[in-house]
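Chains as they are written, first to last, in this note's numbering: chain A, 1 to 292; chain B, 1 to 440.
Just to be clear, a hint being listed does not mean it is correct.
Between beta-carbon pairs, the in silico distance windows are [unchecked claim]:
hint, chain 1, residue 1, chain 2, residue 2, range
1, A, Pro63, B, Lys230, 19 to 25 Å
2, A, Ala22, B, Ala434, 38 to 44 Å
3, A, Gly89, B, Gly419, 35 to 41 Å
4, A, Pro144, B, Gly120, 54 to 60 Å
5, B, Asn433, A, Leu206, 27 to 33 Å
6, B, Gly120, A, Thr106, 54 to 60 Å
7, A, Glu56, B, Lys126, 40 to 46 Å
8, A, Pro63, B, Ala174, 44 to 50 Å
To give an idea of the chain B side of the interface with chain A (calculated C-beta under 10 Å), a few residues [unchecked claim]:
hint, residue
9, Asn34
10, Pro35
11, Gln92
12, Asn263
13, Ala347
14, Arg403
15, Pro411
16, Ile412
17, Glu417
18, Glu422
19, His429
20, Asn433
Hints were generated in silico from the structure; no laboratory data involved. Remember, predicted model here, so these are calculated numbers, not experimental data. Even for Gly, the Cβ is constructed at its ideal location relative to N, Cα and C.
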Amino acid sequence: MDFLNRHVRATFVLPAVIFVIAMMIVPILYTSYLSLHVWSGSARRAPEFVGLSNYERLFTRDPRFGDAVARTFVFTGIAVGAELVLGLGVALLINGKFLGHNLVKTLILLPMVATPVAIGMAWLLLYEPNIGALNALLRALNLPPQDFLGSSSTALLWLAVVDIWQWTPLMALILLAGLAALPEEPYEAARVDGANTWQRFTRLTLPLLFPTIIAATLLRSIDALKTFDIIYTMTRGGPGFATETINTYGYIQAFEYFQLGQASSLLIVFFTLILGVSLFFIRFRRRWGAAL
Amino acid sequence: MYNRPHLRLLSLALAVAFALTALWPAATLTAQDNPLTAGVSNKFAGTELRLIFANHPWNNTIQRLIPAFEQASGMSLRIESYFEDQLSQKLQVGLTSGTSTADAFMFRPLQEGRLFAKNGWLFDLKAFAEADKDWNWEDFQEAARGTVTFEGIVFGVPIVTERQVLYYRKDLFAAKGLSVPTTLEELEAAAKALNDPANGIAGIVMRGQRAAAVTQFSSFLYSFGADWTKEDGTSGLDTPEARAAYEFYGRLLREYGPQGTTNMSWPQAVAVLQQGKAAMWIDADSLFLNATDPTRSTVAKDIGFAPFPAGPAGARQYNITSWALGINELSENKEAAWEFVKWATSAPVVMELQKSGNPGPRISVWESPEGLSGFPTEYAEVAKLQSARGVGYDRPRVISVGRARDIVGAPIVVAIEGGNLEAALKEAHEQFNAFLKEDR
Numbered sequence: 001m002d003f004l005n006r007h008v009r010a011t012f013v014l015p016a017v018i019f020v021i022a023m024m025i026v027p028i029l030y031t032s033y034l035s036l037h038v039w040s041g042s043a044r045r046a047p048e049f050v051g052l053s054n055y056e057r058l059f060t061r062d063p064r065f066g067d068a069v070a071r072t073f074v075f076t077g078i079a080v081g082a083e084l085v086l087g088l089g090v091a092l093l094i095n096g097k098f099l100g101h102n103l104v105k106t107l108i109l110l111p112m113v114a115t116p117v118a119i120g121m122a123w124l125l126l127y128e129p130n131i132g133a134l135n136a137l138l139r140a141l142n143l144p145p146q147d148f149l150g151s152s153s154t155a156l157l158w159l160a161v162v163d164i165w166q167w168t169p170l171m172a173l174i175l176l177a178g179l180a181a182l183p184e185e186p187y188e189a190a191r192v193d194g195a196n197t198w199q200r201f202t203r204l205t206l207p208l209l210f211p212t213i214i215a216a217t218l219l220r221s222i223d224a225l226k227t228f229d230i231i232y233t234m235t236r237g238g239p240g241f242a243t244e245t246i247n248t249y250g251y252i253q254a255f256e257y258f259q260l261g262q263a264s265s266l267l268i269v270f271f272t273l274i275l276g277v278s279l280f281f282i283r284f285r286r287r288w289g290a291a292l
Numbered sequence: 001m002y003n004r005p006h007l008r009l010l011s012l013a014l015a016v017a018f019a020l021t022a023l024w025p026a027a028t029l030t031a032q033d034n035p036l037t038a039g040v041s042n043k044f045a046g047t048e049l050r051l052i053f054a055n056h057p058w059n060n061t062i063q064r065l066i067p068a069f070e071q072a073s074g075m076s077l078r079i080e081s082y083f084e085d086q087l088s089q090k091l092q093v094g095l096t097s098g099t100s101t102a103d104a105f106m107f108r109p110l111q112e113g114r115l116f117a118k119n120g121w122l123f124d125l126k127a128f129a130e131a132d133k134d135w136n137w138e139d140f141q142e143a144a145r146g147t148v149t150f151e152g153i154v155f156g157v158p159i160v161t162e163r164q165v166l167y168y169r170k171d172l173f174a175a176k177g178l179s180v181p182t183t184l185e186e187l188e189a190a191a192k193a194l195n196d197p198a199n200g201i202a203g204i205v206m207r208g209q210r211a212a213a214v215t216q217f218s219s220f221l222y223s224f225g226a227d228w229t230k231e232d233g234t235s236g237l238d239t240p241e242a243r244a245a246y247e248f249y250g251r252l253l254r255e256y257g258p259q260g261t262t263n264m265s266w267p268q269a270v271a272v273l274q275q276g277k278a279a280m281w282i283d284a285d286s287l288f289l290n291a292t293d294p295t296r297s298t299v300a301k302d303i304g305f306a307p308f309p310a311g312p313a314g315a316r317q318y319n320i321t322s323w324a325l326g327i328n329e330l331s332e333n334k335e336a337a338w339e340f341v342k343w344a345t346s347a348p349v350v351m352e353l354q355k356s357g358n359p360g361p362r363i364s365v366w367e368s369p370e371g372l373s374g375f376p377t378e379y380a381e382v383a384k385l386q387s388a389r390g391v392g393y394d395r396p397r398v399i400s401v402g403r404a405r406d407i408v409g410a411p412i413v414v415a416i417e418g419g420n421l422e423a424a425l426k427e428a429h430e431q432f433n434a435f436l437k438e439d440r
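Isolated chain B (complex conformation) (with noise of 0.2 Å):
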């Protein structure tokens, strides 16, 4: 919580920084024989688009090519960016009251994705994107697609995926002379061994607050064997293989972890490791500067990744699409919305991206040495092992997103703090079947 007014200080310095090279006329980049607007229509010359993004680090890199697709294009974009609560508030405000004109805006498809489509907000984007071959939908990893994908409806083009990973201290791990975990009970092993709280290090970090912990802890919960629904859509919170993701997370952190874990979420875990006072952090792996660039981070040069370590189930971490681009249905100006986000996800736009460090959503750019040029070289191979594998949703997958969260999280804490989990796991379970019958 300490480092979050900084990173919103800086954040609101980026967007400021950003808005304002936006505004600067493009001069230097020609639009013809540039082979990132190749494809670019000039059908809708003169419109003009109203885009919402989030601040973010797709769209710092983005703004930096838009110059040359409104050249191409004879589009000019007005773009406003929020941080990412914010950007869900005011598109839920902006939608409800129908009052938005925003033509296409970033949004987070686990979060508010089924929400918007069930209230209508989005445009089903099936036909523009089965439509163009050459923009080829198919290059798009299934789990990405499935997660824009709702009864049927395409409402909206992933951008940003992410994954599970482990950070780990590669300098401690050598002074232990440990090897890195690759199943859960190695991983718990190193926890025990390197957590050393004389000398202020924890064994691990990871989040810990009620409904922040809910995505990180869900890769446990599915690499034990379970999941957060049954088959016939009842809650999975009842099964052994639950109880024993939920007894195994709070271990971990109440054994190895450093104080007030149940306080965090990514920012204040991410401390911890930052300050030299934790052995290994388990988190998404599109957080790595966090963890290596040494403006940052005082352990930048000895952190290490490792994919996400094997429970009984296999090593299934989530694989996740975190944002995408939606198409206002309000919007009148569909089809010119569609020729940016079509440009916006495009092969060798995404790959631009994914070189300056966003990981994107296309099996093309994974597979390309090329595009794994913008990550440090350990990074780019676990995430390249774990881009092929894994779940494709890290909460659970319902409209009200924030309540099924709070549910589901509150036994997390419970199993941290060692106390009553079997009853904490009892109450979750009814009350989230409750929820799930009233979740229409």
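Pulled out of the complex, with its shape left as it was, chain A reads as follows (with noise of 0.2 Å):
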């Protein structure tokens, strides 16, 4: 007791510090040095040391990686734009009180709710070519009947689309919060000095919000980035390669290939790439942040 006493402070964050690095550090470290070895996980097989090897792989002979780095890219970038947009249109608009304007606020989170699979299951339904809803609706419209899923070419674009549909209430939702939190004087002193309402929005609105509109892109890019179960349940990273991530990749390499020092270095590159967007998004907040 007396030990614990006399160390009543590192008592308290201990668990924390243990938590912190059982679950995050020797992870990072294991994966790490799994990335400098070529191993299949046979227990009786040890990992072979192969250096930097794998590395060199994935950036100079490999090019499923480098297509599926810009394609975790492209996805995000879609998907997190058009959910910042309709974020915000959603968020004005539910924005203050109407009538019933709990129960919209409920309702509209409802997709944020779901689990990703089964979303991927119904959209893959709705999605089918032949007898899908979708296509039965663009015919009843005499519109051309399209592949969705089964085109290179828009595949992703149609995944991104489930990602929108799940994550845009996320988006409104914080977006939300960030306009209750606005103060009322700017916005009466706009009115006094005869503002409309776009100069409210673009001069008072924009960037009074701006710090939350960064933080919830943070937010959502990082786990856009990640995505992986509707990819996953949806098109598998197909057809061919077409909407291969680099999570996707990493998986098939480690649980389909079972090579998991090549898994290893691709995943340690994946790591340093979401680090690096986040510490762009979090200077880009404190320098923004520090201007207002």
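Hints in hand, dock the two standalone chains.
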């Protein structure tokens, strides 16, 4: 007891420290270690040290990797961009009090609550080109039926649509909270000065909301970069490799090819990328926050 | 993809149901007079064997026969069943860590066989197989024996075989006055004639998903006179024959297939057939119940079977061993496990299994009319014809099959989409060569 009493501060942080070490530091270190080895997961054949050759392979001899990186960012850009615009629209629309505003705010969150795998399955049915609902609708409207996920050139876009459908509510929710926290006074002053709605939006709401927008974009971007369930359940990276992202490629390397070293090196690169994106947003926000 | 969850649920229900029947005391069967267990020794009475099976019709049938074996041998069997992908992962994890306590298990020799054999997970059955003359290893089809042999080791005993066949809609063929295609040229002509997008009917449906399509494409590749690898063990994808095969397969699906084939494995493809939206389907004959069972297929009564059509190099469809039984190298009950494997693959049991609709590996069973009695007549004729010919593998014979399938499957998708096939094949050829060098 004496020891604990003398180290009260350390004692209270200890659980958190242990958690971080066990659940984050150790896996990262182990993944780094594996990324320098060739290993098929066999307990009877130890990992074989190969230096940086897994990384060398990713960057020089593996076209699937470069494509997957590009695709990951394209997917994230499309999805998060659309979610931001739509989310902002929705937030402005349902901001403030109106009849049934609580009900609307609850209903709009529903897509977010559903399980991604279940969502993937449901959208798969909608997208099914021969007997699916969307093409039935298109045919009824005398429009040409689409291939949806069946075409290499559009599959990624249709996957992004599912992501947008699911995650726009989250964006709206965060922005709504940001809107609610905005001060009233500048708006009153602007109204006195005769600013119209559009001017109030572009000159006041947007700049004031900017830190929230950055935070929301950061949160969604990190999540969107990691998207796995929707892609894996709906296309498994296909047609061909047209929707293969870093995450699905990593999964295939590890659990279908059993190349754990190669998969680890890929994940370390991915980790660095996400870290970079996060740092960028955080610095960006800090600079802007200071300017305000 | 839409019918997969149902399939899973169904197989779960089946697995539970069969697990229950396995627990039921098998009071109705008498051991001594049962011809199925005539040669079973009770030397290992009291041993408990642990077996891991796939959720597969073979498993469902054998579970019905197992009480008789338990009675005759005095052994008790504990069986776990998994869906095939889970089974593969379960085995790999258990075997890699050396913690698997399974004595024997089902596995796919063409998918995992070489990996398992190379890692020393499978007990060499050669001595057992050759010692037992009554059991008769020679009665197994040569291709089937070849599939489970690697570098002189017999790593499993074949239990289920399959071949690629042409399923076709008799009513649609009759309406157009078409005869069943016997060559690939006629196949394309028929697909063209029957393709009717205005009424939502595709001329033909086949798998188009990158890796899943590889096995069904293989017969086309062989029939055009190409192969995955050349005799020197390097990639065979740069030959004009291979290119013609890819082009042909892609053209069939692009011009006369339904929409979205590039995301189709067999469940999606057969769904199109079941809904009456395709005139032909080419896939494994072991899936025939999906087409002919009226509870699953709206066109069940109109389904006909035909052998794989001949290409420029003849009708060289795959004729493979899709499942085998292996014994765990770490098992402490290898001899007892062999007693079970021997029984489960003995001629009378294989006969019983085949009569229940599980195409087996034994020549004697295929040659007896009784062995064909479990299949629809047309199917039986086609399967019998094709079981005696064809190529013994439907994918590259390598250790890392998953990687190889992704490499050689990529140009299939490009061919279906009508993209730059030449570039795709060139890249796949280089990738495959690099892969083959590493795959040791």
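We went through each hint and held it up to the structure:
1. At roughly 24 Å, the beta-carbon separation of Pro63(A) and Lys230(B) lies within the given 19 to 25 Å, and the hint holds.
2. At roughly 39 Å, the beta-carbon separation of Ala22(A) and Ala434(B) lies within the given 38 to 44 Å, and the hint holds.
3. Evaluation of the 35 to 41 Å hint for Gly89(A) and Gly419(B) yields a pass: the beta carbon distance comes to about 38 Å.
4. Against the hinted window of 54 to 60 Å, the Cβ-Cβ separation of Pro144(A) and Gly120(B) comes to about 57 Å, which satisfies the hint.
5. About 56 Å separates the C-beta atoms of Asn433(B) and Leu206(A), a value inconsistent with the hinted range of 27 to 33 Å.
6. For Gly120(B) paired with Thr106(A), a C-beta distance near 58 Å keeps the hint of 54 to 60 Å intact.
7. Separation of Glu56(A) from Lys126(B) is about 42 Å and conforms to the stated range, judged on CB atoms against 40 to 46 Å.
8. Range check, Pro63(A) to Ala174(B): Cβ separation about 49 Å, and the 44 to 50 Å hint holds.
9. Taken as an interface hint, Asn34(B) does not check out: its beta carbon lies about 41 Å from the nearest beta carbon of chain A, beyond 10 Å.
10. Contact between Pro35(B) and chain A, as hinted, is not supported at the beta carbon level, the nearest pair being about 43 Å apart and thus beyond 10 Å.
11. For Gln92(B), the interface hint holds, the least distance from its beta-carbon to any beta-carbon of chain A being 7 Å, beneath 10 Å.
12. Here the hint on Asn263(B) is kept, as its CB sits about 5 Å from the closest CB of chain A, short of 10 Å.
13. Given the 10 Å rule on beta carbons, the hint for Ala347(B) is violated: about 37 Å separates it from the nearest Cβ of chain A.
14. For Arg403(B), the shortest C-beta to C-beta distance to chain A is roughly 5 Å, which falls under 10 Å, so the interface hint holds.
15. For Pro411(B), the interface hint holds, since its Cβ comes within 10 Å of a Cβ in chain A; the closest pair sits about 9 Å apart.
16. This hint holds: Ile412(B) has a C-beta 8 Å from the nearest C-beta of chain A, less than the 10 Å allowed.
17. The interface hint given for Glu417(B) holds, since its Cβ lies 6 Å from the closest Cβ of chain A, which is under the 10 Å cut-off.
18. Restraint check, Glu422(B) versus chain A: the minimum CB separation of about 15 Å is more than 10 Å; hint violated.
19. About 14 Å separates the beta-carbon of His429(B) from the nearest beta-carbon of chain A, more than 10 Å, and the hint is not met.
20. The closest approach between the C-beta of Asn433(B) and any C-beta of chain A is roughly 12 Å, which is over the 10 Å cut-off, so the hint fails.
The structure does not agree with the numbered hints 5, 9, 10, 13, 18, 19, 20 stated previously, though it agrees with the rest.
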